[in-house]
Amino acid sequence: MLSGWGNYPRVEARLLMARGRDEARAAVSSEASLIARGNGRSYGDAALNPNAVLSMLRSSRMIAFDEESGRLTCEAGVMLADILDVFVPRGWFAPVTPGTKFVTVGGMIASDVHGKNHHGAGSFTEHVDSFDLALADGQVVTCSRSENADLFAATCGGMGLTGTIVSATFRLIRVESPYIRQETRQAANLAEAMALLDQSASSTYSVAWIDCLSTGARMGRSVIFCGEHALPHELPSPPPKADTRTVTMPFHAPAMLLNRWSVSAFNEFYYRRNPAGTAIIPYGPYFYPLDAILAWNRLYGRAGFVQYQCVLPKAAAAEGMATLLRRIAASGKGSFLAVLKQFGATNPHGMLSFPMEGYTLALDFAVDRKTLALLGELDAITGDHGGRIYLAKDACSRPDLLRRGYPRLDEFLAVRHKVDPDNKFSSLLSQRLGL
Amino acid sequence: MSKSVLILGAASDIGLAIAHEFAREKAGVILAAREPGRLEADAVDLRVRYGTEVTVTEFDILRTDRHDAFLDGLPALPDVVVCVVGLLTGQAELVMQTNFNAPALMLEAVAARMEARGTGSIVGISSVAGDRGRASNYVYGSAKAGFTAFLSGLRNRLAAKGVQVVTVKPGFVRTKMTAGMKLPGPITAEPKEVGAAVLAAVERKRDVIYVRPVWRLIMTIIRLIPETIFKRLSL
Ligand SMILES: Cc1cc2nc3c(=O)[nH]c(=O)nc-3n(C[C@H](O)[C@H](O)[C@H](O)COP(=O)(O)OP(=O)(O)OC[C@H]3O[C@@H](n4cnc5c(N)ncnc54)[C@H](O)[C@@H]3O)c2cc1C
Ligand SMILES: NC(=O)c1ccc[n+]([C@@H]2O[C@H](COP(=O)([O-])OP(=O)(O)OC[C@H]3O[C@@H](n4cnc5c(N)ncnc54)[C@H](OP(=O)(O)O)[C@@H]3O)[C@@H](O)[C@H]2O)c1
Numbered sequence: 001m002l003s004g005w006g007n008y009p010r011v012e013a014r015l016l017m018a019r020g021r022d023e024a025r026a027a028v029s030s031e032a033s034l035i036a037r038g039n040g041r042s043y044g045d046a047a048l049n050p051n052a053v054l055s056m057l058r059s060s061r062m063i064a065f066d067e068e069s070g071r072l073t074c075e076a077g078v079m080l081a082d083i084l085d086v087f088v089p090r091g092w093f094a095p096v097t098p099g100t101k102f103v104t105v106g107g108m109i110a111s112d113v114h115g116k117n118h119h120g121a122g123s124f125t126e127h128v129d130s131f132d133l134a135l136a137d138g139q140v141v142t143c144s145r146s147e148n149a150d151l152f153a154a155t156c157g158g159m160g161l162t163g164t165i166v167s168a169t170f171r172l173i174r175v176e177s178p179y180i181r182q183e184t185r186q187a188a189n190l191a192e193a194m195a196l197l198d199q200s201a202s203s204t205y206s207v208a209w210i211d212c213l214s215t216g217a218r219m220g221r222s223v224i225f226c227g228e229h230a231l232p233h234e235l236p237s238p239p240p241k242a243d244t245r246t247v248t249m250p251f252h253a254p255a256m257l258l259n260r261w262s263v264s265a266f267n268e269f270y271y272r273r274n275p276a277g278t279a280i281i282p283y284g285p286y287f288y289p290l291d292a293i294l295a296w297n298r299l300y301g302r303a304g305f306v307q308y309q310c311v312l313p314k315a316a317a318a319e320g321m322a323t324l325l326r327r328i329a330a331s332g333k334g335s336f337l338a339v340l341k342q343f344g345a346t347n348p349h350g351m352l353s354f355p356m357e358g359y360t361l362a363l364d365f366a367v368d369r370k371t372l373a374l375l376g377e378l379d380a381i382t383g384d385h386g387g388r389i390y391l392a393k394d395a396c397s398r399p400d401l402l403r404r405g406y407p408r409l410d411e412f413l414a415v416r417h418k419v420d421p422d423n424k425f426s427s428l429l430s431q432r433l434g435l
Numbered sequence: 001m002s003k004s005v006l007i008l009g010a011a012s013d014i015g016l017a018i019a020h021e022f023a024r025e026k027a028g029v030i031l032a033a034r035e036p037g038r039l040e041a042d043a044v045d046l047r048v049r050y051g052t053e054v055t056v057t058e059f060d061i062l063r064t065d066r067h068d069a070f071l072d073g074l075p076a077l078p079d080v081v082v083c084v085v086g087l088l089t090g091q092a093e094l095v096m097q098t099n100f101n102a103p104a105l106m107l108e109a110v111a112a113r114m115e116a117r118g119t120g121s122i123v124g125i126s127s128v129a130g131d132r133g134r135a136s137n138y139v140y141g142s143a144k145a146g147f148t149a150f151l152s153g154l155r156n157r158l159a160a161k162g163v164q165v166v167t168v169k170p171g172f173v174r175t176k177m178t179a180g181m182k183l184p185g186p187i188t189a190e191p192k193e194v195g196a197a198v199l200a201a202v203e204r205k206r207d208v209i210y211v212r213p214v215w216r217l218i219m220t221i222i223r224l225i226p227e228t229i230f231k232r233l234s235l
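Protein chains in written order, with our numbering: chain B, 1 to 435; chain D, 1 to 235.
Simulated crosslink set (DSSO-like; lysine-lysine; CA at most 27 angstroms straight-line): (1) D/K26 to D/K3; (2) D/K26 to B/K241; (3) D/K3 to D/K205; (4) D/K192 to B/K241; (5) D/K26 to D/K192; (6) D/K192 to D/K205.
The set of hints was computed from the structure by calculation and includes no laboratory data.
Modelling step: build the complete structure from the supplied sequences, incorporating the hints.
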């Protein structure tokens, strides 16, 4: 049984393994229908195909690193965690990182992931120079902004549907320490939170944890975490030790564990626990607070969960976010893991790239019948405000919302049709959304 | 940290995992395998990650007549030699040769050189399958039992000579060898764990290690079952 991070949906699927370019090419050639898979950290059905799933996790070798420019070339299955382990001690960091380091380079390109620095740094593939892609016909081609440019743009954010990325070259950034100077602020409601995020545009990193259950004057109260890579002279001596301990969630929690009361109580606690202030902390807890709890997805019980993440354009965001929050708070659903972020401009080189200038909201829901109905309503609100949903998180949305939200969809489909006329690369997500 | 390590059977998942652990500690690594070409990408990977010296060399352990020449052809006798070579299934004689005769003879040749030098560590990857013969894999198991006994004797011989001998019993490990087999999660290790355990065993001068400690308990129980009962079990 295979699933995404949300444990929903789950399907029986044949898992193939490829180590390196030749094995990837051979696997692609031998199957009529398949989808590549990295570390399965997308939440829904993007990396699932009942016929065959091609795991790239064993394609995990680094190929070259240029100490001058920070250019790293590696196989697509290399994990971000490995890159950080190797390069942070040498003074380098990922140009863009999602909220977990247990993702692969291939997965970061295919979802064109964003981080807390999107307003300044853009999305991951904006730092990618080129990659090698195994196509449906078994050829491997190099794609960049100047070579096979269409294919490059369709593959950045293309959810594995143009081919299987076998290796990639991208640029790391220089950092002066493995620490983050974190500044915490509180916002009493949504309007304040959005204003604070706006004011934080000059911070390298910013993100807000948002309470999705509070209502009335406190609706959307948030804690905003801004961050800068700390400079050596800012570090206390001795610098705080990175806590590398992890715990594993040993079993699926009972479904009732998360309810309106337990989540409200947690939210109250969390809000109070994070008063305004400044602190120097290791990069781990700043970027990957959840990575310390392995298999935390079991918290939502056996039925699994879905994450809803949408972005609304700047002009419609204040009104749209308030509408979304009102609807979510009224449902009493939604968990304590909810995030509000500001996005900068859209990546010009990603036809299905998710970010657009505006605000993004992401939160988890345990799966049940009511949740699925609620998600349909949230989709409608998102669509009505000119927004779109993030395919890496999606498990439930429908083709019409995709079309409304992604203006370059036809351009993508044209490229896809050219390189893969039989839709060999196909996932439950692409089948569901008519991609 | 040890300055150089030779890995025999380096193309295996376990062999590569061991290489990573030693390379991270900045040891120079020699990867020895039947098809060295397949290891070039891994050698590059180790160099990019750890900036350490990595060489790849051709080696077939069954060519016992060439063991001495192989060792004498190395730039220097390594500080640590790890034998990962093994074969789970196949023609009985080949399984016996690959798991016992050839590894034992090779490590004997290594031991002679380390003994003369007065330092070194020899690591043999054996198996819990050698702790008691079972219907499902007794040819393999008996060869590993022989290898375990060989390592034990070698350790005894070299104890006062400055040479350490480590016996590693990994238990189930998720590798190419066991791909497609149904392995019980809690007692199945990842290759990385074996790598870390081998490095730790060398650094801490251990003698015999089970990678996941529960295996010591499991095998103690399995060894205690009286033969009259054991022979009726389906294992
Ligand atoms: C706790 C948590 C926090 C997260 N935070 C963020 C965040 O802040 N920002 C963000 O953008 N995302 C975030 N994500 C989502 C995650 O970054 C993406 O889903 C990412 O794509 C997962 O990478 P993966 O290697 O696990 O890929 P998978 O989940 O295995 O696959 C994801 C997609 O990539 C495709 N793919 C994978 N490898 C290849 C390849 N070699 N070639 C072609 N296609 C491939 C798959 O087909 C699939 O469509 C988060 C996820 C989690 C669990
Ligand atoms: N996986 C487990 O559950 C498990 C459990 C206990 C012990 N072990 C032991 O761990 C070791 C590694 O196993 P693995 O699981 O990683 O499986 P593996 O990939 O099959 O490893 C065996 C290695 O031995 C090499 N080899 C075989 N014959 C050789 C020869 N004549 N000359 C040189 N090298 C030869 C193979 O080389 P090629 O790559 O060229 O074929 C291969 O690299 C073995 O000794 C095995 O018995 C494994």
